[in-house]
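Protein chains in written order, with the working numbering: chain L, 1 to 318; chain F, 1 to 234.
Note that these hints are calculated values from the structure, not bench results.
One or more of the hints may lead you astray.
As the list claims (entries may be wrong) - Straight line, CA to CA, 27 Å or less: simulated DSSO-like cross-link-like pairs of lysine-lysine:
| # | chain 1 | residue 1 | chain 2 | residue 2 |
| --- | --- | --- | --- | --- |
| 1 | L | Lys231 | L | Lys5 |
| 2 | F | Lys195 | L | Lys14 |
| 3 | F | Lys195 | L | Lys71 |
| 4 | F | Lys181 | L | Lys154 |
| 5 | F | Lys230 | L | Lys137 |
| 6 | L | Lys71 | F | Lys181 |
| 7 | L | Lys128 | F | Lys230 |
| 8 | L | Lys103 | F | Lys230 |
| 9 | L | Lys14 | L | Lys71 |
| 10 | L | Lys128 | F | Lys6 |
| 11 | F | Lys6 | L | Lys108 |
| 12 | L | Lys103 | F | Lys75 |
| 13 | L | Lys210 | F | Lys230 |
| 14 | F | Lys6 | L | Lys109 |
| 15 | L | Lys210 | L | Lys231 |
| 16 | L | Lys103 | F | Lys181 |
| 17 | L | Lys14 | F | Lys75 |
| 18 | L | Lys154 | L | Lys108 |
The model shown is predicted, which means the values in this text are computed figures rather than measured ones.
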Amino acid sequence: MIQVKNLSKTYGEKTALDTVSFEIKTGEIVGLLGLNGAGKSTTMNILTGYLSPNSGSVHVNGFDMGKEPGKAKRHIGYLPEQPAFYGGMRVNEYLNFICDLKKILPDKKARQEHLDALFSQVGLSAVKRRLIRNLSKGYRQRVSFAQALVGNPKVLILDEPTVGLDPSQVMEIRQLIRERGKTATVLISSHILSEIRELCQRILVLKDGKLIADDSPENLAKLTRRPHQVKIRVKGSAQQVREALKDTAGLVSLQFLGENEEGTVDAAIETEEGTDARENVFHALAQNSLPLLYTYGSEASLEDIFLQLVRKQDDSHL
Amino acid sequence: MTAIFKREISAYFHSALGFVFCAALYFFTGYYFLTYNIYNATADFSSLFTLLFPVVLFMVPILTMRLMSEDKQSKTDQVLLTSPVSPFSIVLGKYLSALCVFLLAILMTLVLAVVTEVFARVDWPLFIGHFLGLTLLGAALIAVCMFLSSLTESQVIAALLGFTASLFLFIMDALTAMVSKGFLYNLFYYLSFSKRYQPFTYGILDLSNVLFFVSIAAFFLFLTTLTLEKRRWS
């Protein structure tokens, strides 16, 4: 479990974090989103004890990072944004060093069994005796990921966990995160929003060091959903669609987007706020025997949600 | 601390650095032994240890240049500082590894003394005094150069800073002679590594000199720990 209370951090004049508070329970996978410079890496660095906050507190599994850093750090597995390791060490040697550093698995046999299982999980078995400096970027990322998982930590903090991996490896790593997330607390920062949507039950959005959203992707989607704005694809001509929709209740605008499929037309429709354009459009088209092939745009993608949240914040400052 | 110590020792001998450092000191030790002990047919090691003073001054920066700066440059300090190891343990582990390599390098003097013992009588209490003096000099100098290494992420700059510090220590006696009596004179006089080291080569074991080198080492280890801690607040 991670408990963050009123975390603030400044770099000289610049405020990197401004009284950020949140809590992540065991068994939760939470995504941390924000534009570049929003404070994601600073947050992660503070959570892992790499940086100290100017004010506020971080508790990891009940241990205060400021007062008992050793005990708090023992529960954390951290994958930094830039994989960091000693290039002159072999993969197996490096992970043994991490075990020593974390003071875990003193029994050599048990340790090697644990490491072998880890190598197999992250796809490092074939290169475990190679020097890290000679590995490709993808393999280095896997080594970095493996060091975060050493000792099955109760809290995983992952900064861009799948960067540099091939698509099949990305799927495997995501599955691994999902499995670990059942018993551990996981915080992920990623610019791949589909990854966040796929993995996370909750999303934290940072903007200029402030936490501007903390909710499930579904609830965030509701906040940004605009059911009065839809796009449709109809089998028929633009003229037929215009005729069919001209008397639609609350119609504000109808804009044709062209023909993307033979014999069909795409259109963007906006009705008055508070109405659901989809229902009225469906009835109007049905009455005119114009098949509605699909409706889209009312369900916001995570990209839309993220951008709308960030823009909304900007607008509120104006 | 043990994990870091083991890793650093392994790093010294996985690269050429540990071997080159030992080989260079073995060379100078062997050369001075040949020219002073063998040619003069003497079992007195005072000259050898006196001549090793500048060698150690200029070799130690090479030994310590990567100790802290490498972690800063390759971001492995992130791995160390997010592990459940205190900054002081990190510093101590690295320091002890460098000290061990240094001891391994000056162990050649002991080997030569044992060989000499076969042919002549070595004054062992005097030799142990010499050896202790050189060890303490190395211990203090490693701490100073390690601190300098923690100030930069470039190994070259770390080495240059170390050489500058060594040069300063080397010419400190000359500086003492150049300044009139006063604060600077006293400062140079009391901080002179050479003046503190010389009594060991005369066979004088003065506790104040032992304490001087130990205090210098402790002070700079403390400063290095502070530098590491400071990174968390920057």
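Structure-based check of each hint:
1. Lys231/L to Lys5/L: Violated - the C-alpha atoms of Lys5/L and Lys231/L are around 43 Å apart, more than 27 Å.
2. Lys195/F to Lys14/L: violated (50 Å)
3. Lys195/F to Lys71/L: violated (46 Å)
4. Lys181/F to Lys154/L: violated (64 Å)
5. Lys230/F to Lys137/L: violated (31 Å)
6. Lys71/L to Lys181/F: Since the Cα atoms of Lys71/L and Lys181/F sit roughly 54 Å apart, the hinted pair is violated (cutoff 27 Å).
7. Lys128/L to Lys230/F: violated (35 Å)
8. Lys103/L to Lys230/F: holds (25 Å)
9. Lys14/L to Lys71/L: It is violated: about 31 Å lies between the C-alpha atoms, which goes past 27 Å.
10. Lys128/L to Lys6/F: holds (20 Å)
11. Lys6/F to Lys108/L: holds (16 Å)
12. Lys103/L to Lys75/F: holds (21 Å)
13. Lys210/L to Lys230/F: holds (25 Å)
14. Lys6/F to Lys109/L: Holds, at roughly 20 Å.
15. Lys210/L to Lys231/L: violated (34 Å)
16. Lys103/L to Lys181/F: violated (54 Å)
17. Lys14/L to Lys75/F: holds (23 Å)
18. Lys154/L to Lys108/L: Since the Cα atoms of Lys154/L and Lys108/L sit roughly 22 Å apart, the hinted pair holds (cutoff 27 Å).
Checked against the numbered hints given earlier, the structure breaks hints 1, 2, 3, 4, 5, 6, 7, 9, 15, 16 and satisfies all the rest.
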